[in-house]
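Undergrad: One letter stands for each residue in the lines below.
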Amino acid sequence: MLRKLISAAATLFAVSVLVFGAFALIPGDPALKKLGTQATQESLARMREQMGLNAPLPVRYARWAVHFINGDPGTSYSYDIPVRTLLGDKLPVTLALVLFSFVLLIVISIPLGIRHAKYEGRLFDRVFLVLGQIVMAIPPFFLGILLTWFFGIVLRVFTPGGYVSYRQDPAGFLAYLFFPALAIALPRVAMTVKLLRAEVLKEATKDYVRTAYSRGNSTMSVLYRHVLKNAFLPVLTFLAMNLTDMVAGSVVIEQVFGIPGIGRFLLVSILGRDHPVVEAIIMGLAAFIIGVNLLTDLCYRLIDPRIGGES
Amino acid sequence: MRETKHTLPILSVEDLQIEFRDHSLPETAVHDFDLILHAGEIVGIVGESGAGKSLSALAIAGLLKRHSAAKAGRILFDDLDLLNCPREVLREYQGDEIAVIFQEPMSSLDPLMRIGPQVEESLRIHHPDIDRAERKRRALEALESVGLTDTERVYRAYPHELSGGMRQRVMIAAAMIAEPQILIADEPTTALDVTVQAQIIALLKEINRTKNTAILFISHDLSLVRQLCGRVVVMRDGRIVEEGETARVFADPQDPYTAQLIDAIPRVEKKESAGREQGETILSVTGLDAGYPGHPPRRIVHDVSFSLKKGEILGLAGESGSGKSTLAKAVLGLLPLMNGTIDGAGLRSAMVFQDPYGSLNPAKTIEWILTEALTGGRRRNFSREELHRRAAAALAQVELPESFLERRPAELSGGQRQRVAIAEALIGSPDLIIADEPVSALDVTVQAQIITLIEKIRRETGAAILLIAHDLRVIYRVCDRVLIMKQGRIVEEGDVERVYFDPQEEYTKELLRAAGIGSERDA
Chain U
1 MLRKLISAAA
11 TLFAVSVLVF
21 GAFALIPGDP
31 ALKKLGTQAT
41 QESLARMREQ
51 MGLNAPLPVR
61 YARWAVHFIN
71 GDPGTSYSYD
81 IPVRTLLGDK
91 LPVTLALVLF
101 SFVLLIVISI
111 PLGIRHAKYE
121 GRLFDRVFLV
131 LGQIVMAIPP
141 FFLGILLTWF
151 FGIVLRVFTP
161 GGYVSYRQDP
171 AGFLAYLFFP
181 ALAIALPRVA
191 MTVKLLRAEV
201 LKEATKDYVR
211 TAYSRGNSTM
221 SVLYRHVLKN
231 AFLPVLTFLA
241 MNLTDMVAGS
251 VVIEQVFGIP
261 GIGRFLLVSI
271 LGRDHPVVEA
281 IIMGLAAFII
291 GVNLLTDLCY
301 RLIDPRIGGE
311 S
Chain D
312 MRETKHTLPI
322 LSVEDLQIEF
332 RDHSLPETAV
342 HDFDLILHAG
352 EIVGIVGESG
362 AGKSLSALAI
372 AGLLKRHSAA
382 KAGRILFDDL
392 DLLNCPREVL
402 REYQGDEIAV
412 IFQEPMSSLD
422 PLMRIGPQVE
432 ESLRIHHPDI
442 DRAERKRRAL
452 EALESVGLTD
462 TERVYRAYPH
472 ELSGGMRQRV
482 MIAAAMIAEP
492 QILIADEPTT
502 ALDVTVQAQI
512 IALLKEINRT
522 KNTAILFISH
532 DLSLVRQLCG
542 RVVVMRDGRI
552 VEEGETARVF
562 ADPQDPYTAQ
572 LIDAIPRVEK
582 KESAGREQGE
592 TILSVTGLDA
602 GYPGHPPRRI
612 VHDVSFSLKK
622 GEILGLAGES
632 GSGKSTLAKA
642 VLGLLPLMNG
652 TIDGAGLRSA
662 MVFQDPYGSL
672 NPAKTIEWIL
682 TEALTGGRRR
692 NFSREELHRR
702 AAAALAQVEL
712 PESFLERRPA
722 ELSGGQRQRV
732 AIAEALIGSP
742 DLIIADEPVS
752 ALDVTVQAQI
762 ITLIEKIRRE
772 TGAAILLIAH
782 DLRVIYRVCD
792 RVLIMKQGRI
802 VEEGDVERVY
812 FDPQEEYTKE
822 LLRAAGIGSE
832 RDA
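These protein sequences, in sequence, are chains U and D. Counting along the first sequence from 1, when you hit position 204 you're at 204 in the working numbering, and nothing is skipped either side. Each number in the working numbering comes from the position in the second sequence (counting from 1) with 311 added on.
Calculated from the structure, these hints are not laboratory results. This structure is a prediction, so every number in the text was calculated from the model and none was measured. Possibly wrong hints are sitting among the right ones.
[Said to hold, decoys possible] In silico DSSO-like cross-links for lysine-lysine, where the CA-CA straight-line distance does not exceed 27 Å: (1) D:LYS376 x U:LYS194; (2) U:LYS34 x U:LYS90; (3) U:LYS202 x D:LYS581; (4) U:LYS229 x D:LYS376; (5) D:LYS581 x D:LYS767.
[Unchecked claim] Label-pair restraints from in silico Cβ distances: (6) D:LYS675 x U:ASP125: 36 to 42 Å; (7) D:ALA721 x U:ALA248: 45 to 51 Å; (8) U:LEU233 x D:ASP566: 45 to 51 Å; (9) D:ALA381 x U:PHE142: 48 to 54 Å; (10) D:ALA674 x U:LEU233: 31 to 37 Å.
All residues carry an ideal CB built from backbone N, CA and C; glycine is no exception.
This is chain U alone, in the form it adopts within the complex:
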């Protein structure tokens, strides 16, 4: 596990070099951007000096990295506010949205996948397979629009655009996130169910399942007590890939539901060449993805006693 941690740190370092290097190389002068085209050569030179742009690249990288590690990713070029403050109240929103959809994904997929396998070939199985195909084919943003229209405008279960900050009303905040989270989760639910169904059916032919039945277990308790854990192992990797992918999915969904997460902000910052902000977001995403992978590894070790130990 220690080796995994070291390799995770190394990955993060490589990403940081890549990110910093890329932004240093692409054309565009931040000082010029900040002062506008009207600025004089002198004021530009002064600005460059002030922003530390004249130092050699490795020095600039080291300076940035040290600050970053100490929790200060710099100051936004566009707003002249510390990036930390800028992202401070947006990051938790996106994180909450992604985690909420992930919880939904798991809570819906597992019972549905198990039921599919139990009723293999019967009406339930066939109806939901078709339904799953349809949901899988709909892009999340369109699903978001459909959900907004149906639950927001027809049924009036929630108010579209009525976002509540988590600082004011945590419960209302989560309630508002429900439908956006659902829009992100649903297509993935369909995929996960399909995979889980296949894995459960494969496991169900194994000998230990017969043993479980021979002890008087009902089908449901055989499936939940014995089969699920075994069938879940291959699904775990798929879910982890989904979790990282859902962050990208949230960017679009935040637009549809008017949620002030980092999604919109990222787009604006990229267009505005606001390097410190973009760098911070990319580093954040990279850390998140690496963290998820580490967690997945840990989960495998927890579920399957045959993994780990010696390595």
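Chain U is already provided as a structure; the job is to place chain D on it using the hints.
TA: Just chain D now, kept in the frame of chain U:
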């Protein structure tokens, strides 16, 4: 021998019929199956693959998938028809009154669940009033009663952390924890080594004696059934062909098939010295160490020396993990030598494997497979006619007609495939044939035919044969000399007569005893 004091019938199967609509299983049908099981008795069901013995047992345990098989008849237990009752009712009895142990203790245990909860499961399901602590106490007790020590550790272990014998003990503990009236044992020792097998059989006997549990013992191994069961049912092609007291059936079989089965068991009784003329020594191995290279290299075979003469059949016996196959590979030059010498200059050698299913390329015809073995892929060096002639000749040596050249492996039976595998070895006219468990995957009657074939080949070709087998009866039947291996070393070596009738080493005695050979010899 057993007095009929257990007159109380606890299970009666009447006119059981089973038919699978899809013929994906080796056993697809059972016809007119009747059986009465009395309290405390041990009944064996024997038969070869496809006989329907496991199918009948699974039906009694209520484990046939409901929708995939057509069933008729009655299975009466406790005035209740288990075959035709609702699932919920059947479940009350499964694990509580009728428990099952299976052939493969590894795959029959949930790999991701600790041993403890698996052993306790029947208790948890059928006696929810028993609390956690008491359940654990009973589980530890059950583990101890099947001869496991360090039960706390076993309780917390996962299946992969235990040996095969321990796993089967765990299975038995789990089956017995709710004190069922009937224990169904479906080939429970087939996957185990002989010494472990003997221990499991002893354990089943003890459970039967102390708890008065009736045992239904399903096996293809007649000698095991003879050791364990008071009564025996012989099945063939889904039907019962004979039934009766074990002693009577073995002494005086009524059905010709039963007689054939009993005949097929290789006997261990003094054979008149064949007085075979001894040929020259063609292979001599001295001080051989072998194993698998790597970091660190794994040394499996230690300081092995033996020699093999022309026309001699040398047996190599030992339990799994004793290094038999590693030694064979080293002799064939498939593994690097770590120490010692192998002297067999210019020896042509060939190998026959255990699994005739896996070792033949399913996509090719028998002719292609045989000629490939001859040419090693360089077909241009041979004319088409010659290849055909040599392939047909090889088939003739294993007593298969020339028409088989056109066939593919899938069209052959297990015995026929093993014959093809032997022909594949013979086609290059080898001086040495190494046969690794060539008959252990085969039914007894087929096994007997292949053994006869091996003897004929030795007579006709004069090839030396190194025969690896875990079955001591097979070795006695075929071999002139035997090497007994344990943990990579040869512990005893000699003429089979001498080793079997006057074993010097304790381990050899243990192996012979476990295979039930000593008792038979004295009788």
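Undergrad: Against each hint, give a clear statement of whether it holds in the structure.
TA: Here's how the hints hold up against the structure:
1. Restraint check for LYS376 (chain D) and LYS194 (chain U): satisfied, since their Cα atoms lie roughly 24 Å apart, inside the 27 Å limit.
2. Between the alpha carbons of LYS34 (chain U) and LYS90 (chain U) the distance comes to roughly 23 Å, so the proposed pair stays at or under 27 Å and holds.
3. Note on LYS202 (chain U) and LYS581 (chain D): the hinted pairing is violated, with a Cα-Cα distance of about 52 Å set against a maximum of 27 Å.
4. With a C-alpha separation of about 22 Å, the suggested pair LYS229 (chain U) and LYS376 (chain D) falls inside the 27 Å cut-off, and the hint holds.
5. For the proposed pair LYS581 (chain D) and LYS767 (chain D), the alpha carbon gap of about 21 Å is at most 27 Å, so the pair holds.
6. About 40 Å separates the C-beta atoms of LYS675 (chain D) and ASP125 (chain U), a value consistent with the hinted range of 36 to 42 Å.
7. Restraint check, ALA721 (chain D) to ALA248 (chain U): a C-beta distance of roughly 49 Å satisfies the suggested window 45 to 51 Å.
8. Distance hint check for LEU233 (chain U) and ASP566 (chain D): the Cβ-Cβ separation is about 50 Å, which falls inside the suggested range of 45 to 51 Å.
9. The beta-carbon spacing between ALA381 (chain D) and PHE142 (chain U), approximately 49 Å, falls within the hinted interval of 48 to 54 Å.
10. Under the hint 31 to 37 Å, the C-beta atoms of ALA674 (chain D) and LEU233 (chain U), about 33 Å apart, fit the expected range.
Hint violations for this structure: number 3 only, all remaining hints satisfied.
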